[in-house]
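Colleague: Sequence:
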Amino acid sequence: MSISNAMASGVSGLLANSTAVERISYNIANADTVGYRRSFAQMVTSGSTAAGSSQATGVRTSITHSNTVDGSYSETSVASNLTISGSGFFVVNSNIDASYTSGNMFTRVGSFEPDEDGNLVNAAGLYLMGYAYGADGTLGAVDRSSFTDLVPVNIANQTISGAMTQNVSVSGNLPSQETGLETPGDAFVSSVEYYNALGEAQRVTLSFQPTDTDDQWVVTISDDTTDYGTVTVTFNDSGANVGSPASYTDIVSTATAPAAFAFDAATGEMTLTIDNATIPQEITLSLGAPDSFDGLTQFSGDYTPMIVEADGSESGTLSRVEFDEFGDVWGVFDNGARKALYSIPLATFANPNGLETTNNSTFTMSMDSGAFYLGQAGSGDTGSLTSGGVESANVDIAQELTDLIQRQRAYSSNAKIITTADEMLTETVNLKR
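Residue 283 in the numbering used here sits at position 283 of the sequence shown; the count goes up by one each step and never skips.
Just so you know, the hints here were simulated from the structure itself, not pulled from any lab data. The structure presented is a predicted model; accordingly, all values stated were derived computationally and were not measured. Just to be clear, a hint being listed does not mean it is correct.
[What the hints assert, rightly or not] Ranges between beta-carbon positions, derived for each pair:
# : residue 1 : residue 2 : range
1 : Ala135    : Ser190    : 51 to 61 Å
2 : Thr267    : Tyr373    : 23 to 33 Å
3 : Arg338    : Thr64     : 18 to 28 Å
4 : Gln158    : Ile28     : 41 to 51 Å
5 : Ile28     : Ala135    : 44 to 54 Å
6 : Glu75     : Glu200    : 23 to 33 Å
7 : Val11     : Asp70     : 57 to 67 Å
Cβ atoms here follow ideal geometry from the backbone N, Cα and C, with glycine treated the same way.
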C-alpha cells in the first residue's frame with residue numbers, strides 16, 4: 001500500500017468512527033425516550049476492485065438497528081398506556097382525518113391517552129389504529145396484510161343498547177304459618193325489575209296474600225297502571241314434595257287489551273303482555289312448576305324476599321376501558337355490561353431490524369424488512385400487550401459509554417495514521433533536496 005493509500009485509509013477511519021460516535025450520541029440522547037430502538041454503526045471493510053485482484057483501501061460503516069430487543073417496563077398506572085412484550089409494532093397514523101390506508105407507520109411508543117375527541121394518541125401525536133368490533137361482538141373478515149380495515153381507536157361517546165327482557169323466574173319462601181288463620185295478615189309484596197325494548201328499567205309487583213285455607217296463597221301481579229290478574233297457588237303439606245307448589249287454580253285475568261295475562265297451570269308460568277310500546281312487550285314469568293323446588297316454596301319460618309332472575313339489560317354509557325394481553329379493548333358500561341370495542345393488531349416482519357427509521361421513533365417498511373402482517377397480540381410469534389405502563393428505550397448507557405471510549409481511541413489512532421503518513425511524505429519530498 002502506498003503512503004497516499006495509507007492516508008486515505010486513515011481518513012476513512014476518521015469518517016467511520018465519527019459516524020459511530022454520532023450513533024452513540026443519538027442513543028445516549030434518547031436513553032429516556034419511550035419506545036426508542038437503539039441503532040449502531042458496524043464497521044465494514046471497503047476496497048476498490050481491479051481486474052484479477054482486490055485491494056483494501058479503508059473502512060466504511062453500516063447502520064444497524066436493534067429493533068428486536070425489548071426495553072424495560074415502566075409502570076404509569078394509566079390504563080391506556082400499552083407495552084409490547086415480544087415482537088410487533090403498533091400501527092399509528094399522524095392524520096386520522098385523511099384516508100386511513102395511507103400515512104400509517106409503525107412504532108413501539110405506547111404512551112396512548114385519549115385526546116379531546118376520545119381518539120387514543122401517543123406522546124408523539126400519533127393515533128393508534130385498530131379493528132372495530134361489530135354490534136354482534138365479532139370482527140368479521142379483516143385483511144391483515146393491508147391497512148384497509150383499520151380505523152382510529154376511539155373510546156369516547158360509546159353506548160350500549162339495552163336488551164328487552166323476555167324471561168323472568170322468581171324464587172323464595174312463603175311462611176306457612178301465615179295461612180289458615182281466621183283473619184289472614186297483610187300480603188307480602190315484592191317487585192320484579194325488567195327492561196323494555198329501549199333498555200329502560202321498569203317494574204311489576206307481585207303480591208302474595210295468605211288465605212284462611214291452609215297452605216294456600218293468592219298471587220296478584222300489577223304495575224303502576226295495570227292490574228294483570230290473579231292465581232291461587234296451593235302448596236304440598238306432606239310427602240316427598242312437601243313445601244313445593246301442588247297446584248295453580250282460580251286463574252283470573254284483569255288486564256285490559258292490549259295488555260293481557262295468561263297462566264299455564266302445568267308449568268307455573270304466566271305470560272304478561274305489557275302495553276309499553278307500539279308493539280306490546282311479552283314476558284314469561286315463572287313461579288315454579290308443580291311438585292318442584294325451582295321457584296316458590298312454602299315452609300314454616302320467615303318470609304324470604306324473592307330472588308329474581310331476569311334476562312335483558314338496560315342501555316348504558318361507557319364508564320371505563322380495559323385492555324387485555326390479546327389486544328382487545330373492552331368497554332365497561334355503567335349498566336354493568338362489558339363489551340369488546342376494538343382489537344389492536346401488532347405488525348410483524350420477517351426482518352424487523354431492516355425497517356427504515358423515521359421521526360418520532362417510528363418506522364416504515366423497506367426492501368430489507370419485508371412485508372408486514374397485522375397479527376393478533378399474544379398469538380403465534382406476535383408479542384403480547386400489557387396495560388398501565390410504557391416500554392423504555394432499549395439503550396444500555398454503560399455499553400454506550402464503553403463504545404464511546406473505544407470509538408474515541410480508534411479515532412485518535414486513525415488520526416495518528418494521517419499524521420504519520422504526512423511525515424513520511426515530507427521525508428520523501430526532502431529526498432530530492
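Colleague: For each hint, tell me whether it holds in the structure or not.
Modeller: Cross-check of the supplied hints:
Between Ala135 and Ser190, the C-beta spacing of about 35 Å breaks the proposed range 51 to 61 Å. Checked against the hint of 23 to 33 Å, the C-beta distance between Thr267 and Tyr373 comes to roughly 55 Å, which is inconsistent with it. A hinted range of 18 to 28 Å for the beta carbons of Arg338 and Thr64 is inconsistent with their spacing of about 45 Å. For Gln158 and Ile28, the Cβ-Cβ distance of about 43 Å falls inside the hinted range of 41 to 51 Å, so the restraint holds.
For the hinted restraint 44 to 54 Å between Ile28 and Ala135, the CB-CB distance of approximately 50 Å keeps it satisfied. For Glu75 and Glu200, the hinted distance range of 23 to 33 Å is not satisfied, since their beta carbons lie about 41 Å from each other. Judged by the Cβ atoms, the range 57 to 67 Å given for Val11 and Asp70 is violated: they are separated by roughly 39 Å.
In summary, the structure is inconsistent with hints 1, 2, 3, 6 and 7 from the numbered list given earlier, while agreeing with the others.
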